[in-house]
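Visitor: Here are the chains, one letter per residue:
Protein chains: 2
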Amino acid sequence: MNFEDQLKDFSRQVLFNADFGKLSPFKNIVISGMGGSGIAGSIFSELYDKAPVQVVSDYKLPAYADKDTLFVGISYSGNTEETISATKEAIKRNCQIRLITSGGELSELGQETVLVPKGYQPRAALGYLIKPFLNSFITSDKPVYEKISAILSEMETDNSLEKGTAAKIFGKNSIPYVLGYPPFRWVAYRWKTQFNENSKLLAFSSYFPELDHNDAIPFKHTYGKDTFSFIVFGGSTGQIEKRVRYTSEITSTDFITIKPGGESTLERMFYFIHAGDYISYHLGKMRKIDPEDVSVLTELKERLKS
Amino acid sequence: MNFEDQLKDFSRQVLFNADFGKLSPFKNIVISGMGGSGIAGSIFSELYDKAPVQVVSDYKLPAYADKDTLFVGISYSGNTEETISATKEAIKRNCQIRLITSGGELSELGQETVLVPKGYQPRAALGYLIKPFLNSFITSDKPVYEKISAILSEMETDNSLEKGTAAKIFGKNSIPYVLGYPPFRWVAYRWKTQFNENSKLLAFSSYFPELDHNDAIPFKHTYGKDTFSFIVFGGSTGQIEKRVRYTSEITSTDFITIKPGGESTLERMFYFIHAGDYISYHLGKMRKIDPEDVSVLTELKERLKS
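Taken in sequence, the protein lines are chains A and B. All letters in the first sequence, in the order written, are residues 1 to 306 by this note's numbering. All letters in the second sequence, in the order written, are residues 1 to 306 by this note's numbering.
Chain A on its own, in the form it takes in the complex:
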């Protein structure tokens, strides 16, 4: 599959019906994952609050992780050094373990594993990586995901809206700054990473209400403001909606607003994720670079092994 076909596969991935199987009771969840794999855990952590969830982007495991901990190790390749290191420690600590991977060293550790299909860039396999969490803890209701799949499929057929947003960013050679709000703070971070990888651009994310305690000042006073495109997710309500509006007005900052697709949190979450996929992809194409190429990361990994 070429990279555009991989992107187009997302509407199919949300129908992936794997889950973690029967789980013993646990007191907390620790998720280990980096980059495009870890983001699945981070996005899930915003939807689930029946137990503390910590996403570890590091080699180590927190001291509290023990037999009462559900440990989920995610690495699409199965060969991410930080996640392998954390998983081995989780085994020693007798955590209840679930792994999500397409193969590699992680699949050879003899632990209960959700195997996902090979052949994707990790960031184009987010549907496979996040669905085991959603099916196990949020909902496994088929019609819910069929509706989401239809929404995503529409974007895959016609993404001229997303292409238009990419053109706005590209038109002024700007750096995207994506402003989310709960429960889409990590979706905003996903956009940042997609701009990094697909568009080969520096990009940043923050979220309301936190940014009103610091970023709002430079929104008014900074130099270099023209360097940035400020992108906000639409569809907020209450105090957050007011904050978005007042922040724009008081600081005289134009926001590019991404209108939400769908109504429910899950529908909007997947819609926003996929909009970011396509905007970053089109932006990469406009820059005449290869959206799929991640040779810098590969070179880094190789040197770290030696």
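Check the hints yourself; a few may be wrong.
As the list claims (entries may be wrong) - Result set (DSBU-like, lysine-lysine): computed pairs, CA atoms no more than 30 angstroms apart in a straight line:
(1) Lys67/A x Lys22/A
(2) Lys147/B x Lys301/A
(3) Lys220/B x Lys305/A
(4) Lys225/B x Lys172/B
(5) Lys50/B x Lys225/A
(6) Lys225/B x Lys305/B
(7) Lys220/B x Lys172/A
(8) Lys92/B x Lys27/B
(9) Lys259/B x Lys168/B
(10) Lys305/A x Lys259/B
(11) Lys118/A x Lys92/A
(12) Lys242/B x Lys92/A
(13) Lys288/B x Lys172/A
(14) Lys27/A x Lys172/B
(15) Lys67/B x Lys50/B
(16) Lys305/B x Lys88/B
(17) Lys225/A x Lys242/B
(18) Lys285/A x Lys225/B
(19) Lys242/B x Lys301/A
(20) Lys301/A x Lys225/A
(21) Lys220/A x Lys8/B
(22) Lys22/A x Lys60/A
(23) Lys163/A x Lys220/A
(24) Lys118/B x Lys67/A
(25) Lys60/B x Lys27/A
(26) Lys220/A x Lys285/B
(27) Lys220/A x Lys50/B
(28) Lys168/B x Lys225/A
(29) Lys60/A x Lys8/B
(30) Lys147/B x Lys225/B
(31) Lys60/B x Lys220/A
(32) Lys242/A x Lys60/B
(33) Lys259/A x Lys225/A
(34) Lys118/B x Lys8/B
(35) Lys172/A x Lys225/B
(36) Lys168/A x Lys172/B
(37) Lys163/A x Lys220/B
(38) Lys301/A x Lys27/B
(39) Lys147/A x Lys60/B
No lab work stands behind these hints: they were computed from the structure.
With chain A's structure known, arrange chain B on it following the hints.
Guide: Here is chain B on its own, set in the frame of chain A:
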């Protein structure tokens, strides 16, 4: 106290000996705090891993928060709407409650409260806000903090090094991008917010090893790279030290390295925090803006009330 005197007070603040008093057993910690107040909880969360710690930058409390939760509400002013809202919910849920504030509505909720001195900008009171956590959970050993106080005091007497770093950033009218590593990821975020508030500049933070899974690509390929100053904390070891070096080499990116003061994690943590205070302060002065002024945030708060 003028703002420079407030900054200079940090070496005295680390001697603040308040703690949370006797605590009943708890299974997890939830900290509510925004901006310059919340950062105390976030920095602490990287030093402590005997129980899950979640810092909530939002109006709501996670569903799991109950009688087995230690809830800490931090608001320097005591009038932060998000923190007041979360604290009231924590009271309803029968959490074990501790508050840190200088007064305001938070001090009138009839809960066990660490009262800190009035008269500071919240971001210049970080010593007061973080010490109750450190004294209660990390160490309350007086000589430890006396040594840190001496290190900070030296910087307060002579911060020409920090002024020099500010001049580098100002010299090319650049946007700071601060790259931390565990356990200084939130110190990097503190720098971002200090640049936002004291220098009135957009600024960003990320950290190793996570950034090697996304940012490293634009470090090589982005447009507008000259717009940024890349700042890394020195003193890393092992794989992290290699990652810093290889990332710089492979992507041809110059990092401004901040040499650590002190040896222990706590010494370096406070040293890095204070270096960020002074660099952002001097940068504000060079820009001929008032480092203390946060009128944009005040205006936002006023409009949100109406």
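Visitor: All the hints need checking, so say for each whether the structure fits it.
Guide: Hints, one by one, checked against the model:
1. Lys67/A x Lys22/A: holds, 16 angstroms
2. Lys147/B x Lys301/A: violated, 39 angstroms
3. Lys220/B x Lys305/A: Holds - the C-alpha atoms of Lys305/A and Lys220/B are around 21 angstroms apart, at most 30 angstroms.
4. Lys225/B x Lys172/B: holds, 12 angstroms
5. Lys50/B x Lys225/A: violated, 42 angstroms
6. Lys225/B x Lys305/B: This hinted pair is violated, its Cα atoms lying about 40 angstroms apart.
7. Lys220/B x Lys172/A: Status holds; Cα separation ~20 angstroms.
8. Lys92/B x Lys27/B: holds, 18 angstroms
9. Lys259/B x Lys168/B: Holds, at roughly 15 angstroms.
10. Lys305/A x Lys259/B: Holds, at roughly 27 angstroms.
11. Lys118/A x Lys92/A: OK: Lys118/A and Lys92/A at ~28 angstroms, within 30 angstroms.
12. Lys242/B x Lys92/A: holds, 27 angstroms
13. Lys288/B x Lys172/A: holds, 28 angstroms
14. Lys27/A x Lys172/B: Given that 30 angstroms is the threshold and the Cα spacing comes to 51 angstroms, the pair is violated.
15. Lys67/B x Lys50/B: holds, 18 angstroms
16. Lys305/B x Lys88/B: Given that 30 angstroms is the threshold and the Cα spacing comes to 18 angstroms, the pair holds.
17. Lys225/A x Lys242/B: Measuring from Cα to Cα gives roughly 34 angstroms; hence the hint is violated.
18. Lys285/A x Lys225/B: OK: Lys285/A and Lys225/B at ~19 angstroms, within 30 angstroms.
19. Lys242/B x Lys301/A: Given pair Lys242/B, Lys301/A holds - Cα atoms ~11 angstroms apart, limit 30 angstroms.
20. Lys301/A x Lys225/A: violated, 35 angstroms
21. Lys220/A x Lys8/B: holds, 28 angstroms
22. Lys22/A x Lys60/A: holds, 27 angstroms
23. Lys163/A x Lys220/A: holds, 29 angstroms
24. Lys118/B x Lys67/A: violated, 45 angstroms
25. Lys60/B x Lys27/A: holds, 21 angstroms
26. Lys220/A x Lys285/B: Roughly 17 angstroms separates the two Cα atoms, so the pair holds.
27. Lys220/A x Lys50/B: With Cα atoms ~41 angstroms apart, Lys220/A and Lys50/B exceed 30 angstroms; violated.
28. Lys168/B x Lys225/A: Since the Cα atoms of Lys168/B and Lys225/A sit roughly 19 angstroms apart, the hinted pair holds (cutoff 30 angstroms).
29. Lys60/A x Lys8/B: Status violated; Cα separation ~36 angstroms.
30. Lys147/B x Lys225/B: Roughly 40 angstroms between the alpha carbons, so the hint for Lys147/B and Lys225/B is violated.
31. Lys60/B x Lys220/A: holds, 29 angstroms
32. Lys242/A x Lys60/B: Judged against 30 angstroms, a Cα distance of about 17 angstroms means the pair holds.
33. Lys259/A x Lys225/A: The hint holds at about 24 angstroms.
34. Lys118/B x Lys8/B: Holds - the C-alpha atoms of Lys8/B and Lys118/B are around 16 angstroms apart, at most 30 angstroms.
35. Lys172/A x Lys225/B: holds, 15 angstroms
36. Lys168/A x Lys172/B: This hinted pair holds, its Cα atoms lying about 27 angstroms apart.
37. Lys163/A x Lys220/B: It holds: about 24 angstroms lies between the C-alpha atoms, which stays within 30 angstroms.
38. Lys301/A x Lys27/B: violated, 38 angstroms
39. Lys147/A x Lys60/B: holds, 29 angstroms
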